[in-house]
Amino acid sequence: MSWLRPALNHYLRWTEKPHMRRAGPKALRKSFLVKSRLFFHPPFGMTQRVDAFAGSEAVFIAPRDSETHRVLLYFHGGGFVFGAPETHAAMIAALAKRAGASAVLPRYPLAPEHPFPAALDHAVACYHACLADHPAEKIVIGGDSAGGALALSLLAVLIRDAAPLPAGVFAFSPLTDLTFSGDSLRTNADADVELPADRAAEMVGLYLRDADPTDPRASPLFGAFEGAPPVWITVGDTEILLDDSRRMVSRLQQQGVDVTYVEERDLPHVWPIFHNMLPEARRTLDVLADWVRAQTGARDAMR
Numbered sequence: 004m005s006w007l008r009p010a011l012n013h014y015l016r017w018t019e020k021p022h023m024r025r026a027g028p029k030a031l032r033k034s035f036l037v038k039s040r041l042f043f044h045p046p047f048g049m050t051q052r053v054d055a056f057a058g059s060e061a062v063f064i065a066p067r068d069s070e071t072h073r074v075l076l077y078f079h080g081g082g083f084v085f086g087a088p089e090t091h092a093a094m095i096a097a098l099a100k101r102a103g104a105s106a107v108l109p110r111y112p113l114a115p116e117h118p119f120p121a122a123l124d125h126a127v128a129c130y131h132a133c134l135a136d137h138p139a140e141k142i143v144i145g146g147d148s149a150g151g152a153l154a155l156s157l158l159a160v161l162i163r164d165a166a167p168l169p170a171g172v173f174a175f176s177p178l179t180d181l182t183f184s185g186d187s188l189r190t191n192a193d194a195d196v197e198l199p200a201d202r203a204a205e206m207v208g209l210y211l212r213d214a215d216p217t218d219p220r221a222s223p224l225f226g227a228f229e230g231a232p233p234v235w236i237t238v239g240d241t242e243i244l245l246d247d248s249r250r251m252v253s254r255l256q257q258q259g260v261d262v263t264y265v266e267e268r269d270l271p272h273v274w275p276i277f278h279n280m281l282p283e284a285r286r287t288l289d290v291l292a293d294w295v296r297a298q299t300g301a302r303d304a305m306r
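Start counting the sequence shown at 4; every next residue gets the next number (my numbering).
It is worth saying that the hints were derived from the structure and are not from the lab. Ideal Cβ placement from N, Cα and C applies to all residues, glycine included. Accuracy of the hints is not assured; some may be wrong.
What follows is a set of in silico ranges between Cβ atoms, one per label pair, in the way DEER data are often shown [what the hints assert, rightly or not]:
hint : residue 1 : residue 2 : range
1    : H44       : G300      : 26 to 32 Å
2    : G230      : P46       : 32 to 38 Å
3    : A128      : H72       : 35 to 41 Å
4    : A135      : R25       : 40 to 46 Å
5    : D68       : R25       : 41 to 47 Å
6    : D215      : E116      : 19 to 25 Å
7    : S69       : L41       : 25 to 31 Å
8    : T50       : H131      : 31 to 37 Å
9    : P282      : A26       : 39 to 45 Å
10   : D164      : V265      : 27 to 33 Å
11   : A30       : V265      : 20 to 26 Å
12   : A135      : G230      : 21 to 27 Å
13   : K29       : V265      : 18 to 24 Å
Generate coordinates for the entire structure from the input sequences, incorporating the hints supplied.
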């Protein structure tokens with residue numbers, strides 16, 4: 004582990020975690036956008052634009068001087084109430100460059116203004132919009148935290164509907180169980196340097212309202228995944244969402260899904276977003292890019 008890991012963890016524990024504990028949705032949205040502009044920067048050679056997409060809009064990322072034939076459809080995290088394509092665009096640009104891919108980051112509807120199932124319904128529309136321009140075997144779906152929930156729930160919906168399936172699905176520190184029954188929500192409450200466990204139910208309540216948290220469209224842990232393409236999941240062992248990943252991997256494997264699971268030591272929630280400063284984040288993106296290329300039959304790289 005690098006010396007930057009404990010320094011970043013210390014910073015997150017004493018600045019971001021208290022902010023996450025006290026700020027409301029509007030304040031969280033504003034601060035995340037500001038900090039992402041300051042700290043997260045895309046690699047050279049990647050273009051970024053905002054355009055209409057699937058009835059809303061999205062951030063489109065692509066290599067500046069070459070064409071790609073595979074695409075990442077990525078759903079940002081933020082507890083279903085904050086975050087934006089712009090907050091995660093630099094990380095996904097870094098992944099797309101490594102994988103030789105383009106990317107689409109939809110601006111999906113956020114709670115509390117747009118409660119469940121608005122975000123998932125939009126995710127389904129986004130996937131079918133991607134299908135209009137790309138063959139399914141060249142599409143890889145991804146997401147982090149709440150966006151990881153959307154990515155995995157989207158996969159379950161596509162299987163249920165017998166729709167063309169993507170080449171693979173990946174998730175950084177996904178939220179998979181909105182009943183919050185995992186032990187790590189309590190056992191890692193102090194160890195998690197970023198997410199306040201005592202606010203999880205409140206944030207998700209803004210999204211679910213009166214909906215059933217065991218609905219697999221909300222909690223992919225309860226979904227059916229027989230026949231799914233390969234899935235790649237990573238999480239840190241001190242995260243409150245550790246058991247969300249562990250149990251999701253177990254459920255997928257029980258249903259015959261090819262799963263790659265990477266559990267890292269003492270890294271913060273969705274650490275690849277810190278790729279500009281954290282060597283472990285860059286290594287994770289390197290490993291995931293290799294997996295993306297393998298799923299889409301790619302032999303080339305754009306390092």
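Evaluation of the provided hints:
The given range of 26 to 32 Å is respected by H44 and G300, whose C-beta atoms sit roughly 30 Å from each other. For G230 and P46, the hinted distance range of 32 to 38 Å is satisfied, since their beta carbons lie about 35 Å from each other. About 23 Å separates the C-beta atoms of A128 and H72, a value inconsistent with the hinted range of 35 to 41 Å. Checking the proposed 40 to 46 Å range against A135 and R25 shows it holds: the Cβ atoms sit about 43 Å from each other.
For the hinted restraint 41 to 47 Å between D68 and R25, the CB-CB distance of approximately 45 Å keeps it satisfied. At roughly 21 Å, the beta carbons of D215 and E116 sit within the given window of 19 to 25 Å. Taking the beta carbon of each, S69 and L41 are about 29 Å apart, inside 25 to 31 Å as hinted. Evaluation of the 31 to 37 Å hint for T50 and H131 yields a failure: the beta carbon distance comes to about 24 Å.
Distance hint check for P282 and A26: the Cβ-Cβ separation is about 30 Å, which falls outside the suggested range of 39 to 45 Å. For the pair D164 and V265, the beta carbons lie near 30 Å from each other, so the given range of 27 to 33 Å is met. The hinted range of 20 to 26 Å is not satisfied by A30 and V265, whose Cβ atoms lie roughly 33 Å apart. Roughly 23 Å separates the CB atoms of A135 and G230, a value that falls within the hinted 21 to 27 Å.
With their beta carbons about 34 Å apart, K29 and V265 fall outside the hinted range of 18 to 24 Å.
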